[in-house]
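**Student:** Protein chains in written order, with the working numbering: chain A, 32 to 233; chain B, 32 to 233.
Think of the hints as simulated: they come from the structure by calculation, not from any bench. Source: prediction; values computed, not measured. Some clues are possibly wrong.
Identical chains share a label here; the pair holds if one copy fits it or two copies do between them.
Here are the simulated DSS-like pairs of lysine-lysine, each with C-alpha atoms no more than 30 Å apart in a straight line [to be verified]:
no. : residue 1 : residue 2
1   : K48       : K84
2   : K66       : K128
3   : K113      : K66
4   : K66       : K55
5   : K55       : K113
6   : K66       : K48
7   : K201      : K108
8   : K66       : K157
Number of protein chains: 2
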Amino acid sequence: MEGTSEILEQAIEQLAKLPGTGRKSARRIALYLLKQDESSVMELGEALVNLKKEITRCTNCGVISDGDPCSICSSVKHQTGKVCVVEESQDVFLIEKTNEFHGRYHVLGGVISPLDNIGPDDVRIKQLMERINDEEENIEEVILALNPDSEGEATAYYINKLLKPFDDIKVTRIAYGIPMGTELEFIDEATLGRAFASRNTF
Amino acid sequence: MEGTSEILEQAIEQLAKLPGTGRKSARRIALYLLKQDESSVMELGEALVNLKKEITRCTNCGVISDGDPCSICSSVKHQTGKVCVVEESQDVFLIEKTNEFHGRYHVLGGVISPLDNIGPDDVRIKQLMERINDEEENIEEVILALNPDSEGEATAYYINKLLKPFDDIKVTRIAYGIPMGTELEFIDEATLGRAFASRNTF
Chain A
32 MEGTSEILEQ AIEQLAKLPG TGRKSARRIA LYLLKQDESS VMELGEALVN LKKEITRCTN
92 CGVISDGDPC SICSSVKHQT GKVCVVEESQ DVFLIEKTNE FHGRYHVLGG VISPLDNIGP
152 DDVRIKQLME RINDEEENIE EVILALNPDS EGEATAYYIN KLLKPFDDIK VTRIAYGIPM
212 GTELEFIDEA TLGRAFASRN TF
Chain B
32 MEGTSEILEQ AIEQLAKLPG TGRKSARRIA LYLLKQDESS VMELGEALVN LKKEITRCTN
92 CGVISDGDPC SICSSVKHQT GKVCVVEESQ DVFLIEKTNE FHGRYHVLGG VISPLDNIGP
152 DDVRIKQLME RINDEEENIE EVILALNPDS EGEATAYYIN KLLKPFDDIK VTRIAYGIPM
212 GTELEFIDEA TLGRAFASRN TF
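Bound-form chain A, shown alone (with noise of 0.2 Å):
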């Protein structure tokens, strides 16, 4: 017997199942929550089961919302005509803390991995292609901002040449590069030679 409240062991059991936390971190997480009053532990609970029960996604671009559609495609601030093609809706709110892409979006909710038997049909490809059917939309730039894997490579391929017989929709890649702030010395070969293939005049 390790403890004296399987309660406590409980939670722990359940805290060390999340992403980053072992047994240790669990553990100091219950214990730390034991000295909080119960009405934050109570909040913190209830956080977490709303965020299974009423989460729902819009089923426009795919993206975690509150609402469907979203505030993203509901909102007149986000221009139509530009959509920017991301894995995850987590990829929506990195770019949209950048503040420099006020557009719309369209999340995959994955990417294209034979390996791992994951298919075209299998991420919102076809979703894409309706928006861009679509005339209210009025998409003319297609921007793929997918992860540099081999995964997210194959995706955008793919979808590049799917959006091949529309003349007018221009496809663009987000610019994979050195990043800011680094020394060449850190940067790995693969990064160096995408840096020198995309280089741009100054």
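The hints should help you fit chain B onto chain A, whose structure is shown.
**Tutor:** Just chain B now, with coordinates in the frame of chain A:
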């Protein structure tokens, strides 16, 4: 606006309050939970709510427990006669794991710290003295297992002084010295000095 879901932001805010969890890990945990099925998220939420609602403390030894008295105080496997004084419940669990000690515990719930306005009456020292005077407990040895910091030292000193009048009670302390598997090179001077002062015959 950072996200498209107020519910998600609330969950992240609650999670970010946990020790060792910043906003980034909180976001990662929330998005992870969103991918799980509803029942497992409910389980986590309930485990946390139960933690605060249903857990109690043993009125005898002060450990976090499901019942009162706790499973240690009511177990015949844990001999009376020896009582190990610790600061927090988690210390009990740590010591139990070593399987080196088979007596009872006494959780102070803190240590004397004049700077933080914590005096002897704010920790469970009075309750310890009651147990000392309780003939059923039949205490022969009090083992002080407090942290080797100034508050822990002060508390140990204070308890030792209170126990002086009891001629038939032995007061001991756990050994402080070089941790197992560590090279001397990496040990601070205070620990090394302590290890010399507490040296034993081989």
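**Student:** Name the hints, by number, that the structure is in violation of.
**Tutor:** Nothing - there is no hint that the structure violates, so all of them hold.
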